[in-house]
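Student: Build the full structure now, drawing on both the sequences and the hints.
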Amino acid sequence: MRILLVASAFNSLTQRVFAELGDRGHTVAVTVVDGEEAVRAAVRRHPGDLIVAPMLRTAIPRDIWSRHTCLVIHPGPPGDRGPSSLDRALHDGEAQWGVTVLQAEEEMDAGAVWADAAFAVPGDVAKSDLYRGELADAAVQAVLLAVERYASCRWMPRSQDGLPVRTRTYLRQEERRIDWESMPTESVLRALRAADSQPGVRDELLGDEWFLHGGHPEDRLRGTPGTVLATRSGAICRATADGAVWIPELRRCRTRTDPPGIKLPATLALGERLPPVPDLPAPLEPPPGPAPRTWSDIRYTECGAVGFLRFRFPGGAMSTAHCRRLLTAYRDACRRPTSVLVLGGERDFFSNGIHLNVIEAAADPAAESWANINAMDDLVEALLTTTDRLVVAAVAGNAAAGGAMLALAADEVWCRDGAVLNPHYRLMGLYGSEYWTYTLPRRAGAQQATALMEQAAPVSAARAHTLGLVDRLVGSPPGEFAAATARMAAELTRHTDVSARIAAKKAARERDEQTKPLASYRAEELRRMRATFFTPDAPYHALRSAFVRKQPTPEAAEHLAALSHLRLRPHPVRSTAEQPL
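Residues 1004 to 1584 in our numbering are what the sequence shown spells out, letter by letter.
Keep in mind that the hints were calculated from the coordinates and are not lab data.
Everything numeric in this text was worked out from a predicted model, so none of it was measured.
Certain hints may be false.
Restricting the straight-line Cα-Cα distance to at most 20 Å, the calculated cross-link-like pairs of lysine to aspartate or glutamate (DMTMM-like) are [claimed, not checked]:
{"hint": "1", "residue 1": "LYS1519", "residue 2": "GLU1384"}
{"hint": "2", "residue 1": "LYS1553", "residue 2": "ASP1261"}
{"hint": "3", "residue 1": "LYS1509", "residue 2": "ASP1414"}
{"hint": "4", "residue 1": "LYS1519", "residue 2": "ASP1414"}
If you anchor each label on the Cβ, the simulated ranges turn out as follows [as the list claims (entries may be wrong)]:
{"hint": "5", "residue 1": "ALA1565", "residue 2": "PHE1537", "range": "24 to 34 Å"}
{"hint": "6", "residue 1": "ARG1175", "residue 2": "ALA1511", "range": "51 to 61 Å"}
{"hint": "7", "residue 1": "GLU1516", "residue 2": "ALA1564", "range": "34 to 44 Å"}
{"hint": "8", "residue 1": "GLU1207", "residue 2": "ARG1490", "range": "40 to 50 Å"}
{"hint": "9", "residue 1": "ASP1500", "residue 2": "ARG1225", "range": "22 to 32 Å"}
{"hint": "10", "residue 1": "PHE1537", "residue 2": "ALA1285", "range": "33 to 43 Å"}
{"hint": "11", "residue 1": "GLY1471", "residue 2": "GLN1554", "range": "49 to 59 Å"}
{"hint": "12", "residue 1": "ALA1564", "residue 2": "ALA1534", "range": "40 to 50 Å"}
We put the CB at the ideal spot given by N, CA and C, even for glycine.
Tutor: Below you can see the structure in the form of structure tokens.
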């Protein structure tokens, strides 16, 4: 079928729906809209069989939904209505939630139901992680079923009449407010998690107004509620009524004289406002005994011959400091007597490459861009030159640009089947580095590598597997990915001649080095990157600024128009529709 996606942003869910529908042979067009007239224009440009709205903040106008079947993904179970469904689910502590695919009509969220799917809400997961994980899995399941039901011409969507209806208003900052004097840690965490990554929790801190982003428990530090107790890896620790929480990122509020800030590591955002508190690095390996409730973005553990280097950075972005700390941890892990090293987080993002927000906030963005890309290159080079063990990239969630290339530098890539990869740089006006000119053709072939770079399209995990970017698909819920990859790593050491594979890997690396040294790939890539970074009118600078401020650009609109004409070869999948009666 010809399907038009209309969305308020080409966000993670919209990208995944785009990729999954394309895998199944549908011709999919996508348009970002900001109002009813934009919806009308999109329908005029892309006449088709069906309209799907994965994430839409504006209403579909009557003249469109009355003439076309329009399916809207609502992030709540049947009967739930309102603009803050997922926020309120976390704010209210719901243990079960769901997604509904309903038909657009006059009243928002009240249309007939084409499909729905339920999921459990983990107690310690923030909204953005849940949205990209459990909710996205349920949404894709429901959308694929709804599309098949529509295509069958035999399915009659069920009315919501008779369902228990719960209409809830927009969750405003007044309800999100944290009372540091009285609220226990768990209540503070619930408020922070329900606001992650947007809109954040508005709060007063050190004499200014900030939006707080992210929250993790701390059970050892104590102090006067609301005060900053310590720092760690760019985060700040604030005391609660009965404990403390780590807050990784802050965003300055708009003032009468200053525009709204951009999301930054908390210590960087605070700058000179930060009081003289201790910096308390977490040990790379957890100490023996009961694990304390604390936060660290890099951890190392071992089980037999397998080492696990877990990392998780907010939004998947890796600043110069993130890269250098991860490289140090990687080198430490490589000194351990293991034969397999698994690299990646337990869930959510793997990596999205360089940290555009930190670059944008730098006194010299060109110099910070250069430092960041070199730090990423150093990390990727360390993976490529590791010849005494097998390195596995465990891709629990989405990966893009240099983050995708970081994964491709490993010997094997194990990817959760719900992840989306964006192995390209063009949308940010960059040629790219991270040794992509070596690793991408090595896996996908030269012709396909060029196509991936030029098309700049999101790639589903299944398609990435078909293209050779991924070695093994992991069919697990988000919360079970880490355990699944741990079992796979143990099986690898038991059922594979790891020593022989390591020897073959070392020989292959030596042959490749003789053919063309890694240093040559890096020099060629960085020559083009440096020219872009240090050219003031290069498109990269304007595109970066628009990206971190979530502003539309003509380039983004042109890219979506090109995607709408892109036809990908279908990926063979099993039907999700039930047999007609």
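Student: All hints, please: hold or fail.
Tutor: Now the hints, each set against the structure:
Between LYS1519 and GLU1384 the CA atoms are separated by roughly 14 Å; this keeps the pair inside 20 Å, and the hint holds. Under the criterion of a C-alpha separation no larger than 20 Å, the hint pairing LYS1553 with ASP1261 is consistent with the structure, at around 17 Å. Taking the CA atoms of LYS1509 and ASP1414, the gap is near 11 Å; set against the 20 Å cutoff, the hint holds. Proximity of LYS1519 to ASP1414 is assessed by CA-CA distance (about 19 Å); at most 20 Å being required, the pair is judged to hold.
For ALA1565 and PHE1537, the hinted distance range of 24 to 34 Å is satisfied, since their beta carbons lie about 29 Å from each other. Remark: the range hint 51 to 61 Å for ARG1175 to ALA1511 is upheld by a beta-carbon distance near 58 Å. Checked against the hint of 34 to 44 Å, the C-beta distance between GLU1516 and ALA1564 comes to roughly 42 Å, which is consistent with it. Take GLU1207 and ARG1490: their Cβ atoms lie about 47 Å apart, and the range 40 to 50 Å holds.
At about 53 Å, the CB distance of ASP1500 to ARG1225 disagrees with the hint of 22 to 32 Å. For the pair PHE1537 and ALA1285, the beta carbons lie near 36 Å from each other, so the given range of 33 to 43 Å is met. Range check, GLY1471 to GLN1554: about 36 Å between beta-carbon atoms, so the 49 to 59 Å window is missed. A beta carbon spacing of about 28 Å between ALA1564 and ALA1534 contradicts the range 40 to 50 Å that was offered as a hint.
In this structure, the hints that do not hold are numbers 9, 11, 12, in rising order.
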